[in-house]
Amino acid sequence: MSKKRKISLSEEELVLALRNREKIAIEALYDMYSSSLYGVISRIIIDTATAEDVLQETFVKIWHSFSSYSTEKGRLFTWMVNIARNLAIDKIRSKDFKNQNKNQELENNVTFIDEQKNTVYKPELLGIKELVATLKPEQKSILDLVYFKGYTHVEAADELGVPLGTIKTRLRMAIQQLRKHFN
Amino acid sequence: MEDIKAYIESGILELYVLGDISPEEKLQVETMAAKHPAIKAELDEIERSMELYAEHNAVEPAENLRSRVLNSILTNFGDDRNFDTKTEPVKNNIIALPAPKTSSFYKYAFAACLALLIASGIALMNLYSKLQESNTQLAALQIDKQHFANRVNFVEGELGILRDTSFKFLKLNGTPHAPAGAAVTIAWSKDKHKVMVDMASVKMPVNDKAHQYQLWAIVAGKPVDLGVFDANPDSTDMREMKTIAALKTDAFAVTLEPRGGSINPTMDQMMVLGKF
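So the sequence lines, in the order shown, correspond to chains A and B. Mind the numbering: the first sequence is residues 1 to 183 in the numbering used here, read in order. Mind the numbering: the second sequence is residues 1 to 276 in the numbering used here, read in order.
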């Protein structure tokens, strides 16, 4: 597709360009991270239009509050994904969004629930398949709850009916597995 | 080292990367990472893994979203904060209602001023016409006063003559030429060389426009011109005639002469004659 035309910079270059408020920086930022961030947002918010709004808000917020990011605190993506996740969670907890959902047709809700329970495979998520083998189901479910759904580990423990210590251990094990896999 | 390993294995670094951590714990992790390179390295590894995991779970957003997002940032239209700052002055503009009040106040004030101006103009005109009237009356009164003053002076002058013992009165009686009863009374003061004709006592036919009566003094047999006068029944004053130098006269006479008088009297026109 348009992969070749996409702008890609090293993280250092990108941070510098963002600090200097360069136009190319925001373009590169979008090309490099929009799909990863949208992956998180679209798992929290099922409605495409709302998810797109939140993605836009995320980039606007990144652009305007970039001065609060420092490389010493960690990687750029970690900072950005926290912004995206928080905006998405704020959105689904907002009054507007709840009211909107109450008005949804019953048929639509069936699809929603199906999607929420991950019973539908999205073709763009095919890359995960190989990871399924790597991660044990209980590791994946807890990782996805916290990373993609914005659950706290306390909420995840409640949801899954597992002790808090176990949650922490499973999270760590899951990430260890990922590290092995990617290395 | 054991502490650091335990810290790493506690799972807090994972929660840090997942954003599932309190602000205090967050600060603590950052401090530890800054102090211990091992923790920093571990943190970096976790972050990379999660970034890759996110990449594997990436969902490509709709293609038109790219220009929408970029435009909203580059033109700042998507930034609500920009709209906030712009709505402020608009609110202020709407509040600015008292302006018409002040303008209507000035309107009324102007109308009041105009009415006052017209009223005072009319009053001034009235006052001016009254002043004119008063001035006319004053002028008339002054003329009257002058007239009376003159009259008083004149009468006092006449009274002076009557009081003056140096004046001698002489009645000139009619000659055969004159109508019956013709007479003129004169007063003569030798000391003051003055001769007056008492106009009130002139009983003579009214002279026409071409003629005047002329008074003569006969001094040493020769007539001396003492001036002319008109016989006017309305005049009642004492008319002063030319001065007379002579101390002794034979007689006084009045003749009818052409207007302006003659050098020598026309004897056949002698109307009255009197001797002391």
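Take these hints with a grain of salt, some might be off.
Stated by the list, open to error - Footprint (simulated), chain B over chain A, 3 or more residues, beta carbon under 8 angstroms:
| # | segment |
| --- | --- |
| 1 | 74 to 84 |
| 2 | 87 to 94 |
| 3 | 166 to 176 |
Unchecked claim - Now the in silico label distances, taken between C-beta atoms and shown as ranges:
| # | chain 1 | residue 1 | chain 2 | residue 2 | range |
| --- | --- | --- | --- | --- | --- |
| 4 | A | Arg21 | B | Tyr108 | 50 to 60 angstroms |
| 5 | B | Leu27 | A | Ser67 | 27 to 37 angstroms |
| 6 | B | Ser22 | A | Lys136 | 27 to 37 angstroms |
| 7 | A | Ser67 | B | Tyr108 | 18 to 28 angstroms |
| 8 | B | Glu60 | A | Asp90 | 18 to 28 angstroms |
| 9 | B | Tyr108 | A | His64 | 52 to 62 angstroms |
| 10 | B | Glu60 | A | Thr71 | 20 to 30 angstroms |
| 11 | A | Val162 | B | Asn71 | 19 to 29 angstroms |
| 12 | B | Ser67 | A | Lys136 | 35 to 45 angstroms |
| 13 | A | Ser94 | B | Asp3 | 40 to 50 angstroms |
| 14 | B | Glu60 | A | His64 | 19 to 29 angstroms |
| 15 | A | Arg19 | B | Glu60 | 50 to 60 angstroms |
| 16 | B | Glu60 | A | Thr169 | 48 to 58 angstroms |
The hints are simulated quantities; they were obtained by calculation from the structure and are not laboratory data. Each residue gets a CB set at the ideal place from its N, CA and C atoms; glycine is no exception.
Against the structure, the hints come out as follows:
{"no.": "1", "hint": "74 to 84", "verdict": "holds (count 6)"}
{"no.": "2", "hint": "87 to 94", "verdict": "violated (count 0)"}
{"no.": "3", "hint": "166 to 176", "verdict": "holds (count 5)"}
{"no.": "4", "hint": "A:Arg21 / B:Tyr108: 50 to 60 angstroms", "verdict": "57 angstroms, holds"}
{"no.": "5", "hint": "B:Leu27 / A:Ser67: 27 to 37 angstroms", "verdict": "19 angstroms, violated"}
{"no.": "6", "hint": "B:Ser22 / A:Lys136: 27 to 37 angstroms", "verdict": "28 angstroms, holds"}
{"no.": "7", "hint": "A:Ser67 / B:Tyr108: 18 to 28 angstroms", "verdict": "58 angstroms, violated"}
{"no.": "8", "hint": "B:Glu60 / A:Asp90: 18 to 28 angstroms", "verdict": "24 angstroms, holds"}
{"no.": "9", "hint": "B:Tyr108 / A:His64: 52 to 62 angstroms", "verdict": "53 angstroms, holds"}
{"no.": "10", "hint": "B:Glu60 / A:Thr71: 20 to 30 angstroms", "verdict": "28 angstroms, holds"}
{"no.": "11", "hint": "A:Val162 / B:Asn71: 19 to 29 angstroms", "verdict": "46 angstroms, violated"}
{"no.": "12", "hint": "B:Ser67 / A:Lys136: 35 to 45 angstroms", "verdict": "42 angstroms, holds"}
{"no.": "13", "hint": "A:Ser94 / B:Asp3: 40 to 50 angstroms", "verdict": "43 angstroms, holds"}
{"no.": "14", "hint": "B:Glu60 / A:His64: 19 to 29 angstroms", "verdict": "25 angstroms, holds"}
{"no.": "15", "hint": "A:Arg19 / B:Glu60: 50 to 60 angstroms", "verdict": "28 angstroms, violated"}
{"no.": "16", "hint": "B:Glu60 / A:Thr169: 48 to 58 angstroms", "verdict": "34 angstroms, violated"}
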